[in-house]
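Engineer: Residue numbers (this note's numbering), protein chains in the order written: chain S, 1 to 325; chain G, 326 to 428; chain H, 429 to 690.
Since the hints were derived computationally from the structure, they do not count as laboratory data. Mixed in with the good hints there might be a few duds.
[Stated by the list, open to error] Simulated restraints, written as ranges between beta carbons of each label pair:
id, chain 1, residue 1, chain 2, residue 2, range
1, S, D24, H, R647, 20 to 30 Å
2, H, H670, S, D305, 46 to 56 Å
3, H, A505, S, R280, 49 to 59 Å
4, H, R647, S, G98, 11 to 21 Å
5, H, G532, S, D282, 54 to 64 Å
6, H, R647, G, H427, 27 to 37 Å
7, H, L515, S, G98, 18 to 28 Å
8, S, R171, G, I393, 35 to 45 Å
9, H, A511, S, D193, 39 to 49 Å
10, S, E231, H, A564, 38 to 48 Å
11, H, H670, S, P35, 52 to 62 Å
12, S, E260, H, K572, 42 to 52 Å
13, S, V26, H, R683, 53 to 63 Å
[Stated by the list, open to error] Derived DSBU-like pairs (lysine-lysine); straight-line CA-CA distance at most 30 Å:
id, chain 1, residue 1, chain 2, residue 2
14, S, K188, S, K114
15, H, K572, S, K164
16, H, K569, S, K164
Note that CB positions come from ideal geometry on N, CA and C, so glycine has one too.
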Amino acid sequence: MQVDVDTPPPVEEQQLRFDRMIADEVRIEPRDWMPEGYRRTLIRQIAQHAHSEIIGMQPEGNWITRAPSLRRKAILMAKVQDEAGHGLYLYSAAETLGVDREELLDLLHQGKQKYSSIFNYPTLTWADMGAIGWLVDGAAIMNQVPLCRCSYGPYGRAMVRICKEESFHQRQGFEILHTLSHGTPAQKAMAQDAVDRFWWPSLMMFGPPDSASTHSAQSTAWGIKRFGNDELRQRFVDMTVPQADVLGLRIPDPDLRWDEATGHYAFGAIDWDELDRIIRGDGPCNAQRMERRRTAHEEGAWVRDSADAYARKHAAAATTTSDAA
Amino acid sequence: MTTAGSAPRTPHGWPLWEVFVRSRRGLSHQHVGSLHAPDGEMALRNARDVYTRRGEGVSLWVVPSAAIVASSPDEQDPFFDPALDKVYRHPTFYEVPEGVEHL
Amino acid sequence: MSTPTTSRPQRPTAPADPLVAYLVGLGDDALILAQRLGEWITRAPQIEEDIALGNIALDLLGQARVLLSHAGEVEGAGRDEDALAYLRDEREFRNVCLVEIPNGDFAVTMARQLVFSAYQYELWTALRNSTEPLLADLAAKAVKEVTYHRDHATQWVLRLGDGTDEGHRRMQAGLDRVWPYVAELFAADDVAAQLPGVAVDPPSLLAPWTAYVEDVVARATLTVPTPTWHSRGGRRGLHTEHLGHLLPEMQHLHRAHPGARW
Ligand SMILES: [Fe+2]
Ligand SMILES: [Fe+2]
Numbered sequence: 001m002q003v004d005v006d007t008p009p010p011v012e013e014q015q016l017r018f019d020r021m022i023a024d025e026v027r028i029e030p031r032d033w034m035p036e037g038y039r040r041t042l043i044r045q046i047a048q049h050a051h052s053e054i055i056g057m058q059p060e061g062n063w064i065t066r067a068p069s070l071r072r073k074a075i076l077m078a079k080v081q082d083e084a085g086h087g088l089y090l091y092s093a094a095e096t097l098g099v100d101r102e103e104l105l106d107l108l109h110q111g112k113q114k115y116s117s118i119f120n121y122p123t124l125t126w127a128d129m130g131a132i133g134w135l136v137d138g139a140a141i142m143n144q145v146p147l148c149r150c151s152y153g154p155y156g157r158a159m160v161r162i163c164k165e166e167s168f169h170q171r172q173g174f175e176i177l178h179t180l181s182h183g184t185p186a187q188k189a190m191a192q193d194a195v196d197r198f199w200w201p202s203l204m205m206f207g208p209p210d211s212a213s214t215h216s217a218q219s220t221a222w223g224i225k226r227f228g229n230d231e232l233r234q235r236f237v238d239m240t241v242p243q244a245d246v247l248g249l250r251i252p253d254p255d256l257r258w259d260e261a262t263g264h265y266a267f268g269a270i271d272w273d274e275l276d277r278i279i280r281g282d283g284p285c286n287a288q289r290m291e292r293r294r295t296a297h298e299e300g301a302w303v304r305d306s307a308d309a310y311a312r313k314h315a316a317a318a319t320t321t322s323d324a325a
Numbered sequence: 326m327t328t329a330g331s332a333p334r335t336p337h338g339w340p341l342w343e344v345f346v347r348s349r350r351g352l353s354h355q356h357v358g359s360l361h362a363p364d365g366e367m368a369l370r371n372a373r374d375v376y377t378r379r380g381e382g383v384s385l386w387v388v389p390s391a392a393i394v395a396s397s398p399d400e401q402d403p404f405f406d407p408a409l410d411k412v413y414r415h416p417t418f419y420e421v422p423e424g425v426e427h428l
Numbered sequence: 429m430s431t432p433t434t435s436r437p438q439r440p441t442a443p444a445d446p447l448v449a450y451l452v453g454l455g456d457d458a459l460i461l462a463q464r465l466g467e468w469i470t471r472a473p474q475i476e477e478d479i480a481l482g483n484i485a486l487d488l489l490g491q492a493r494v495l496l497s498h499a500g501e502v503e504g505a506g507r508d509e510d511a512l513a514y515l516r517d518e519r520e521f522r523n524v525c526l527v528e529i530p531n532g533d534f535a536v537t538m539a540r541q542l543v544f545s546a547y548q549y550e551l552w553t554a555l556r557n558s559t560e561p562l563l564a565d566l567a568a569k570a571v572k573e574v575t576y577h578r579d580h581a582t583q584w585v586l587r588l589g590d591g592t593d594e595g596h597r598r599m600q601a602g603l604d605r606v607w608p609y610v611a612e613l614f615a616a617d618d619v620a621a622q623l624p625g626v627a628v629d630p631p632s633l634l635a636p637w638t639a640y641v642e643d644v645v646a647r648a649t650l651t652v653p654t655p656t657w658h659s660r661g662g663r664r665g666l667h668t669e670h671l672g673h674l675l676p677e678m679q680h681l682h683r684a685h686p687g688a689r690w
C-alpha cells in the first residue's frame, strides 16, 4: 500500500525532524529522510566493517585444514563461518541505505574501500588462533557492543545479532591459549609468541588517538559512535591484563603498570607509523588477502552467471505455464 | 517447502531477498535481514544457513525485496496517527473494578 | 641372514575386528570429505556459499567424530578420535577414493557432492535399522543432515547444468571427473559382509542411488558418464596419490607435538 503525498516537506523541516529524532534517541530507519553526510558515513563505516568480517575469515581459514584436533577443527570452522555470516548481516544493513552489495565488493576489490588492518598480519602458528580469538575478537566486541545502540536501526540490529555470536569467539580463543600455556614448554612458547605478535596490533584496532581522529566528532553527534577510541582502548587493556595473568602469559609492554591514581593500567606508546604503513597497503599480507578475495570472486563469476541464467529460464517457463493455464 | 521462483534482477548480481524467521511455534515470522540469491529456492536454502545456524528458526519466508511495498515515513502522520487516538482499542483504556481477575 | 620367507610381506592395514574396520571406513569417508570442503572456505563463488559449504563440512566432521570415537572404544586399545585421525598413515585410511580427490572447480565439487551425498542418503537411511545402537542413533540424525546435503548438490547441479553454456560444459566435465570413482562406493565389501544386521551391503544401495542421481542429471540436461576406468581399493587402504598430500597437511601439527593436549 502506498499513499500519495503531493509534495514532501521542505528540507529544513526534514532536517529539524531528523535532529529531533537523534536528540530523542529515536532510531532512524531506512526510509526516513537523512542528511547525505549521515548516509555516506554509515555506508562507509558499515561497508568497511562488512569487508573486515569477510577478509577476517582468511587468517583463521588458513588453519582449518591443519587444526591439531578434530574438536578444534570443528570450532574453528564454525567460527570462520560465523564471520561470513557477520559480513552478510552487515552488507544487508548497508543495502538498506541504497547501495548494492556487489558495488561495495567492487570497491573493496578495487582497493577503494578498506578493511581492518589487523587482518593484514599473518597467522604463523596454531597459537595465533588463540591470540586472534582472545585479543582480536575481544577488541572487536569492545568496539561493537556500543554499536548495538547506533542511531541507525538496521546497523544496530545487525550488531545485536553479531555480538550474540561473538561471545563464543573470544572464549574459544582464550581456551586455546589457556590449553597451550598449560601444555608442553613448546606449546607455551608458541602461545607467548602469538600474544607478542598480536598485542600491539589489537590495540591499534581501536583507531588513532581521539586527538588525531577525523570523523569522530560528527559520528558522535549523529549517535553512530558512542565512545572515544582512547576510552575503548583503555577499557580493553583494563579487561585484558588480568586475563593474561590467568593465562600465565606476558603482555609485551615494558611500560605496562597499574596506575593507582587513575584506577587504570598505564601502557606504552603505540607505533602509529606501523598502522599508517599497513593502511597504505604496506603490510605483510595486504596483497595476499586482496588477491584471495578477488580470485574467489572472479573464479565464482561463471557459477553466479549460470545460476542467474537458470533462474531467468525457469521464471520464463513458469510464466509461460501460468499464461497457458 | 514451497517457493515462488523469481525476482527482478538487479543491474549487477543476484536479486535481494528479505528473510523472515519464525523462531518458534506460536510466534509470527519476524524480519531478520536480507541476502542475495538467484531464485527463491536458493534464497530459502541460503536463509537457512545464514540466519538459522544456531537453530533460531522453525519456519522461514523469503520475499523478493522488490516486491515489498512500504509506507513512507513522510506519510507517517496521515497514515498512522489516526490510530493513535483510538485508545479504546487498547485494553488499558478500560477500568476494571477491584477484585475482578483474569479479565 | 635370516631364513627367507616364502609368503609375501603383508602390512596389517585393516583392524582385526570387522566392526572397528567398518566404523573407521565410514568415519574416514566423512573426515576426508570434511577436510576437502574445509579447503573451500574463503574461496566460494558467493559468501552465502562459504557458509553452506561450511555447514556441510561441519555435519560431516560431526559424523566422523562419532564414528571414529566409537571405533576407538570398540577396539579397546586406548585410541580416541584424534589418535585415529592424526596418527594413522595413508595405508591405514579406509575411505573410498572419491572423497580424497582434489576439489577442482565448483562443478567438480558439486559433482562429488551429488554422488557422495546421494550415496550417504541411502546408506544412513538403511543404517537406521542397524542392530548396532550407536550406528542406528547416528543414522537417525545423519539422514536429516545428508538430506540437506543432497538437496544442496542437486540445486547446484541443476543450475550449473541448465544455466549458461559455460556452466553446462563445466558441470558435464565435473561429472566426467568424478564418475570413475562411483563404482567403488557400491562394491561388495568383505568387512560389511561379516556384519549382517549391523552393516549395510553396499551393492544394495546402487539401485535407489541410480534412480535419484540419473533423474537429477537428466533434469540438468547433462549426460551420465560412462567411465573407462574405475577406482578400487580405498577400503583396503589402496588410495590415490592425493591422500598422501592431504594427510600431512592435516596431521603435521598434531604429530609435531607427541602427546600434547590441544
Ligand atoms: Fe565477527
Ligand atoms: Fe568474531
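Engineer: May I ask you to test the hint 20 to 30 Å on the CB atoms belonging to S/D24 and H/R647?
Structural biologist: Violated - the Cβ-Cβ distance for S/D24 and H/R647, about 57 Å, lies outside 20 to 30 Å.
Engineer: That 53 to 63 Å hint for S/V26 and H/R683 (C-beta), does it hold up?
Structural biologist: This hint holds: roughly 59 Å between Cβ atoms.
Engineer: Holds or violated: are the alpha carbons of S/K188 and S/K114 at most 30 Å from each other?
Structural biologist: Violated, at about 35 Å.
Engineer: Given the hint that H/K569 pairs with S/K164, test it: the Cα-Cα distance must not exceed 30 Å.
Structural biologist: holds (27 Å)
Engineer: I want to verify a distance hint. Is the separation of the beta carbons of H/A511 and S/D193 within 39 to 49 Å?
Structural biologist: violated (27 Å)
Engineer: Please test the hint of 11 to 21 Å on the beta carbon pair from H/R647 and S/G98.
Structural biologist: Since H/R647 and S/G98 have Cβ atoms about 39 Å apart, the given range 11 to 21 Å is violated.
Engineer: Quick one: are S/E260 and H/K572 within 42 to 52 Å, going by C-beta?
Structural biologist: For H/K572 against S/E260, whose Cβ atoms are near 59 Å apart, the range 42 to 52 Å is violated.
Engineer: Okay, H/H670 versus S/D305 on CB: inside 46 to 56 Å?
Structural biologist: violated (30 Å)
Engineer: For the hint 38 to 48 Å, verify it against the beta carbon of S/E231 and that of H/A564.
Structural biologist: violated (57 Å)
Engineer: Does the structure keep H/K572 and S/K164 at a Cα separation of 30 Å or less?
Structural biologist: holds (27 Å)
Engineer: If you check the beta carbons of H/A505 and S/R280, does the distance land in 49 to 59 Å?
Structural biologist: holds (57 Å)
Engineer: Taking the CB of H/G532 and the CB of S/D282, does the distance hold inside 54 to 64 Å?
Structural biologist: violated (35 Å)
Checked against the numbered hints listed earlier, the structure breaks hints 1, 2, 4, 5, 6, 7, 9, 10, 12, 14; every other hint is satisfied.
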